[in-house]
Amino acid sequence: MAAPGLRLGAERLFAVPAVLELLSRSNSTSQAFPEVLRLPKQQLRKLLYPLQEVERFLAPDRRQDLHLRIFDPSPEDIARADNVFTATEGNRIDYVSSAVRIDHAPDLPRPEVCFIGRSNVGKSSLIKALFSLAPEVEVRVSKKPGHTKKMNFFKVGKHFTVVDMPGYGYRAPEDFVDMVETYLKERRNLKRTFLLVDSVVGIQKTDNIAIEMCEEFALPYVIVLTKIDKSSKGHLLKQVLQIQKFVNTKTQGCFPQLFPVSSVTFSGIHLLRSFIASVTGNLD
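Be aware that the sequence shown starts at 1, since it is given in the UniProt record's numbering, and climbs by one per residue.
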């Protein structure tokens, strides 16, 4: 469920120019948001709300198939979430450590979110995009699949921890199942699992294994569609509708709204930051 007061974000953003002025001032430390707010309306919507941009190409009778505004943060909440992800002297954002077993994982009492997905789906690239307001944080990104072999932990101030999990499928670590399954089952402060799916190829057999794992453990999880900059509008729309139908009919614990993102154009990144801030209790 969406946090209270997060319903009319898109409409308010485009209807109240004074809000844009307020956000521009309140985010003076941000490298991206003030520039985003100066974009023309259509570009701004595409960057902040890519799923609503896809909606424009649907026939009216098909728009009800998408859950577009279950999570629809206000402009002020988007700004607050960006500030949570902005590194300052009082809000340190750092790599903490890596682990190959849950008993080697750092004991961090703060809320935690993790990112899982197939090798080369873009996990590390997405985390790097989320941390773009903290450029000193080193998130290793490789062009070769299977680069992440350990669980990598990053702390976001005193707010929450982000965990980059090893990729499954091609060149996955030999002990991947034991590592990830144990983490998902036993990590008590895990608030949400973000399952990344490549928007170009859709849900694959290996993704189904991860989905079944989340369902079996009754974990709340979210499907994030990566690399939307590499899909044509028609292809992306087809994938979105297919995956939305899968979520509606085949899952119990998956959040009903999809989150399309691009780590290249930053489309959807602000909205995803807001969702992470919400589920970890930082927009209450």
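Check before you lean on any hint, since a few could be wrong.
[To be verified] Here are the computed distance ranges between Cβ atoms for each label pair:
| id | residue 1 | residue 2 | range |
| --- | --- | --- | --- |
| 1 | F217 | H104 | 19 to 29 Å |
| 2 | G234 | D107 | 44 to 54 Å |
| 3 | F217 | D103 | 13 to 23 Å |
| 4 | G90 | D284 | 37 to 47 Å |
| 5 | P220 | L108 | 11 to 21 Å |
| 6 | L108 | P60 | 42 to 52 Å |
| 7 | E35 | E186 | 19 to 29 Å |
| 8 | D178 | L108 | 19 to 29 Å |
[Said to hold, decoys possible] As a list, the in silico DSS-like pairs of lysine-lysine whose alpha-carbon atoms are at most 30 Å apart:
| id | residue 1 | residue 2 |
| --- | --- | --- |
| 9 | K238 | K205 |
| 10 | K233 | K205 |
| 11 | K250 | K230 |
| 12 | K238 | K46 |
| 13 | K245 | K205 |
| 14 | K41 | K230 |
| 15 | K185 | K158 |
| 16 | K245 | K155 |
| 17 | K230 | K128 |
| 18 | K46 | K149 |
| 19 | K205 | K230 |
| 20 | K185 | K230 |
| 21 | K233 | K250 |
| 22 | K238 | K185 |
| 23 | K155 | K191 |
| 24 | K155 | K128 |
| 25 | K185 | K233 |
| 26 | K158 | K128 |
| 27 | K205 | K185 |
| 28 | K41 | K150 |
| 29 | K230 | K245 |
| 30 | K238 | K150 |
| 31 | K41 | K233 |
| 32 | K233 | K46 |
| 33 | K46 | K185 |
| 34 | K158 | K191 |
| 35 | K205 | K250 |
| 36 | K158 | K205 |
| 37 | K149 | K191 |
These aren't lab readings, by the way, just hints derived from the structure by calculation.
No residue lacks a Cβ here, since even glycine has one placed at the ideal position from N, Cα and C.
Practice item. Measure nothing beyond the straight line between the CA atoms of K250 and K230; if it is 30 Å or shorter, mark the hint as holding. Key: Since the Cα atoms of K250 and K230 sit roughly 27 Å apart, the hinted pair holds (cutoff 30 Å).
Exercise for review: Would you check the hint for K155 and K128, treating anything up to 30 Å between C-alpha atoms as holding?
Suggested key: 13 Å, holds
Review point. Can the restraint linking K41 and K230 be considered satisfied, given a maximum Cα separation of 30 Å?
Key: 23 Å, holds
**Study point:** Proposed proximity, K150 with K41 (alpha carbon, max 30 Å)
**Key:** 41 Å, violated
Review point. Between K205 and K230, is the straight-line Cα distance small enough, at 30 Å or below?
Key: 21 Å, holds
Check your understanding: Does K205 lie within 30 Å of K158 when you go C-alpha to C-alpha?
Key -> Status violated; Cα separation ~37 Å.
Review point. Has the given pair, K245 with K155, been kept, meaning a C-alpha gap of at most 30 Å?
Key: Violated, at roughly 35 Å.
Check your understanding: Are the Cα positions of K238 and K185 separated by 30 Å at most?
Key -> 33 Å, violated
Review point. Under the criterion that the straight-line Cα-Cα distance not exceed 30 Å, is the pair K149, K191 satisfied?
Key: 23 Å, holds
**Study point:** Satisfaction of the hinted span 42 to 52 Å by the C-beta atoms belonging to L108 and P60
**Key:** Holds, at about 47 Å.
Review point. Taking only the CA atoms, is the gap from K245 to K205 under or equal to 30 Å?
Key: 17 Å, holds
Review point. Holds or violated: are the alpha carbons of K158 and K128 at most 30 Å from each other?
Key: 19 Å, holds
The structure shown violates the earlier hints numbered 4, 7, 16, 18, 20, 22, 25, 28, 30, 33, 36.
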